[in-house]
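Please build the complete structure, drawing on both the sequences and the hints.
Going by this note's numbering, the sequence shown opens with residue 16, and the numbers climb by one from there.
If you are wondering where the hints come from, they were derived from the structure by calculation, not from laboratory data.
Misleading hints may appear alongside valid ones.
[Stated by the list, open to error] Cβ-Cβ distance ranges computed for the label pairs, FRET-style:
id: 1; residue 1: Pro155; residue 2: Thr37; range: 56 to 62 angstroms
id: 2; residue 1: Ser263; residue 2: Asp237; range: 19 to 25 angstroms
id: 3; residue 1: Asn84; residue 2: Ser263; range: 18 to 24 angstroms
id: 4; residue 1: Ser194; residue 2: Asn219; range: 41 to 47 angstroms
id: 5; residue 1: Ile128; residue 2: Val204; range: 27 to 33 angstroms
id: 6; residue 1: Thr37; residue 2: Glu86; range: 46 to 52 angstroms
id: 7; residue 1: Asn25; residue 2: Ser75; range: 36 to 42 angstroms
id: 8; residue 1: Arg257; residue 2: Thr80; range: 18 to 24 angstroms
id: 9; residue 1: Val204; residue 2: Gly102; range: 27 to 33 angstroms
id: 10; residue 1: Pro50; residue 2: Ile103; range: 51 to 57 angstroms
id: 11; residue 1: Asn84; residue 2: Ile184; range: 38 to 44 angstroms
id: 12; residue 1: Gly229; residue 2: Thr168; range: 37 to 43 angstroms
id: 13; residue 1: Ile101; residue 2: Ala45; range: 34 to 40 angstroms
Cβ atoms here follow ideal geometry from the backbone N, Cα and C, with glycine treated the same way.
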Amino acid sequence: SIDHTQGIINLVKPLDRETKDTYFIKIQAADQGMPPLTSMAVLNITISDINDNAPEFVQSIQQTTVPENTEIGTEVMRVLATSQDIGINAEITYSIEHTTTESFLKIHPKTGIISVSEILDYERMQQILCTIIATDGGIPPLSSTAVANITITDINDNAPIFSESSYIISLQEDADINSSILQLTANDVDTGLNGEITYAILPNELYLPFEINGNTGLLMLDHYLDREKVEKYEIDIEARDRGTPSNSQVTRIFIHVADVNDNAPLLSQQMTL
16 SIDHTQGIIN
26 LVKPLDRETK
36 DTYFIKIQAA
46 DQGMPPLTSM
56 AVLNITISDI
66 NDNAPEFVQS
76 IQQTTVPENT
86 EIGTEVMRVL
96 ATSQDIGINA
106 EITYSIEHTT
116 TESFLKIHPK
126 TGIISVSEIL
136 DYERMQQILC
146 TIIATDGGIP
156 PLSSTAVANI
166 TITDINDNAP
176 IFSESSYIIS
186 LQEDADINSS
196 ILQLTANDVD
206 TGLNGEITYA
216 ILPNELYLPF
226 EINGNTGLLM
236 LDHYLDREKV
246 EKYEIDIEAR
256 DRGTPSNSQV
266 TRIFIHVADV
276 NDNAPLLSQQ
286 MTL
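Listed below in structure tokens is the structure:
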């Protein structure tokens, strides 16, 4: 509004530069003569910005998935925040709030690109959840936050591990066929198919009277033993996961065949009376 006698223009409601930043006002001045004489002027009012709008993220929660072998420096996510202000009040700087997982990621302060800064390991950590901060350049600065949720997926980077590197057992030569000899166990810290293990007896120059359950690792006898023919066996057992490509480990079993009294004495020559 304008004071009709003094010409003072007053503000009658709050301004908002983000809604309207320029006003053109026609002012008319008239004297008291008869007839009155008038003149016109145009007042151009430009609203200057103040830092009254905090940055706003395009997405308040961002999610992505990366494999654990992602190389250091690889971009995994990009965040974007904007401000309705202008000039330095709209210049945005990005940062990551300090947390226990913060060291695994870094963010470019101007572009908002988030990249890997340390080697990832699914077996240690399956998820990185961190807070991203966008801060403008105003005085005082204003800021807002968003959440970055990064899920780490497993790759087949671990081989099965037997509970023992080798085994030594003794087996009676009259052991029954299908009798259990040894329960082998291997563990794989990977998950899914990468952690599923199958067992197998590796080829040998000798005939091996043994078989192994490929799923359980139970070693059994599948043929009669005869210590007088073979008194010891060396068997290599492989544990292999189902990953692509697969990983494996081999353990060796030393089996000593124990004698039983299964042969009658033989005379060296025929005796007659």
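Results for each hint:
no.	hint	result
1	Pro155 / Thr37: 56 to 62 angstroms	violated (27 angstroms)
2	Ser263 / Asp237: 19 to 25 angstroms	holds (23 angstroms)
3	Asn84 / Ser263: 18 to 24 angstroms	holds (19 angstroms)
4	Ser194 / Asn219: 41 to 47 angstroms	violated (20 angstroms)
5	Ile128 / Val204: 27 to 33 angstroms	holds (32 angstroms)
6	Thr37 / Glu86: 46 to 52 angstroms	holds (51 angstroms)
7	Asn25 / Ser75: 36 to 42 angstroms	holds (41 angstroms)
8	Arg257 / Thr80: 18 to 24 angstroms	holds (21 angstroms)
9	Val204 / Gly102: 27 to 33 angstroms	violated (54 angstroms)
10	Pro50 / Ile103: 51 to 57 angstroms	holds (53 angstroms)
11	Asn84 / Ile184: 38 to 44 angstroms	holds (39 angstroms)
12	Gly229 / Thr168: 37 to 43 angstroms	violated (27 angstroms)
13	Ile101 / Ala45: 34 to 40 angstroms	holds (38 angstroms)
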